[in-house]
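Enquirer: Sequence:
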Amino acid sequence: MSNNKENRTDIRPQQPTQHLDDDEIDLIDYVFILLKHKTLIVLGSLIPTLVAGFVLFVMPRRHSLSYTYSMAMSETDLKSLEDKFYSAENIQRLVEDLRGQGIADYAQALSSANTVADIRKLVRFEIAPALFETQVRNFSEAREKLDTRGTLLLMHVAYNSTDNLQNIAEILRHNFEQVIPLYLEKNQLIKTISRFKDEMAGIEENRFVLNLQLQRKKSTLEKLKTSIPADTEYLSGNIVLQLDITNSGSDYLPLPYQLQAIQTQLVNLEEEIRFDTEKYNYYTNLLALFETVLNRLNEIKRQRQTLKQFHSFLTDVMTDYAEDASAQDRLAAYIKRIENSMASAVPIVENPTIYEEARETVKITGFVFIAAF
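Take 1 as the starting number for the sequence shown in our numbering and just add one per residue.
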């Protein structure tokens with residue numbers, strides 16, 4: 001028994017010691033292998049790095065220019081703008097315009113872009129100052145972030161050559177300034193027309209209720225008149241009676257004064273109905289006007305016309321409503337908003353400088369060297 005215990009005691013400490021020695025031997029062997037093949041390892045890392053650097057050097061350099069617009073935009077506004085500009089319909093129009101000007105290679109690059117990220121490599125928008133890169137911690141901060149408005153809008157146009165970059169930028173700029181606003185105005189007109197219809201529906205509902213009340217009051221008045229004895233005269237004297245006809249307190253008045261109260265209520269109801277009718281007619285005229293404007297806007301889009309042609313149409317329509325002052329005022333306000341939109345869609349610098357984009361050669365070759373090593 002004593003000999004067995006001694007044997008177990010001698011064996012146990014030897015196992016980890018042998019394992020540790022094996023690890024040390026493996027590490028030393030690995031170091032010797034690295035030192036033995038150090039030349040091959042260095043060449044295997046340097047060659048891909050040099051190849052990557054050479055490819056970056058001989059590749060055509062990308063150039064870009066940027067238009068800066070003085071526009072107050074929120075992140076939501078920017079998203080709406082990008083949705084319209086990057087839509088398939090607008091990209092197709094840009095491709096056709098570019099090919100029409102003989103810029104087939106850029107048109108092909110734009111046409112073959114499969115995602116919005118690919119299109120952004122050619123043309124992208126940015127709000128400055130960069131107010132939307134900060135992180136938010138709760139829902140209220142997120143809402144504030146969406147409502148925050150930048151003061152400048154930048155449109156960056158990039159290309160692999162400077163030969164046609166200026167012409168490309170002019171085509172994209174014209175699309176942004178004269179075509180995209182038509183999409184935005186269409187959405188605004190649809191919302192306005194929908195609001196008019198909601199207002200008219202509310203007026204009709206209220207007028208229906210008022211007519212029911214009017215008929216009920218008329219019926220009550222006729223019944224009260226038939227219940228008055230023929231020889232009854234109206235009360236006379238120096239009494240000044242103040243009635244709250246909005247409540248049912250008149251039911252407790254003497255019968256002649258009940259008649260007066262109901263007659264007053266009838267007059268008020270008739271005035272409310274008349275006012276609702278006038279308001280309904282007002283919205284009816286506005287609805288017809290803005291539906292005409294929307295139809296004309298759709299025609300302008302189909303005919304590939306621009307915001308200037310739409311503005312000319314609106315000024316011509318003003319003469320058709322010379323006798324309708326309210327419609328003229330509403331149309332004049334709408335035209336003024338279009339003019340403000342046109343004025344803001346003018347870049348601060350008409351002919352921006354073309355810059356060569358940085359390639360980040362050191363960064364890319366460093367990644368290649370680390371990956372190869």
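Treat the hints as calculated values from the structure; they're not laboratory data. Just so you know, these numbers come straight off a predicted model, no measurement behind them. Here a beta-carbon is modelled for each residue, glycine too, at the ideal position from N, C-alpha and C. One or more hints might be untrue.
[Unchecked claim] Here are the simulated lysine-lysine pairs, BS3-like style, with alpha carbons at most 25 Å apart:
(1) Lys121 x Lys79
(2) Lys301 x Lys84
(3) Lys197 x Lys279
(4) Lys336 x Lys301
(5) Lys84 x Lys336
[What the hints assert, rightly or not] Label-pair ranges, simulated between beta-carbon atoms:
(6) Glu291 x Leu184: 14 to 20 Å
(7) Leu212 x Ser344: 49 to 55 Å
(8) Thr315 x Glu170: 40 to 46 Å
(9) Asn206 x Leu152: 25 to 31 Å
Enquirer: All the hints need checking, so say for each whether the structure fits it.
Expert: Hint check:
At most 25 Å may separate the alpha-carbon atoms for a hinted pair to count; Lys121 and Lys79 meet this at roughly 17 Å. Simply put, Lys301 and Lys84 have alpha-carbon atoms about 13 Å apart, close enough for the 25 Å limit, and the pair holds. Note on Lys197 and Lys279: the hinted pairing holds, with a Cα-Cα distance of about 12 Å set against a maximum of 25 Å. Proximity of Lys336 to Lys301 is assessed by CA-CA distance (about 21 Å); at most 25 Å being required, the pair is judged to hold.
Pair hint Lys84 plus Lys336 holds up; C-alpha atoms about 23 Å apart against a cutoff of 25 Å. About 18 Å separates the C-beta atoms of Glu291 and Leu184, a value consistent with the hinted range of 14 to 20 Å. Distance hint check for Leu212 and Ser344: the Cβ-Cβ separation is about 50 Å, which falls inside the suggested range of 49 to 55 Å. Checked against the hint of 40 to 46 Å, the C-beta distance between Thr315 and Glu170 comes to roughly 27 Å, which is inconsistent with it.
A hinted range of 25 to 31 Å is violated for the C-beta pair Asn206 and Leu152, which are about 46 Å apart.
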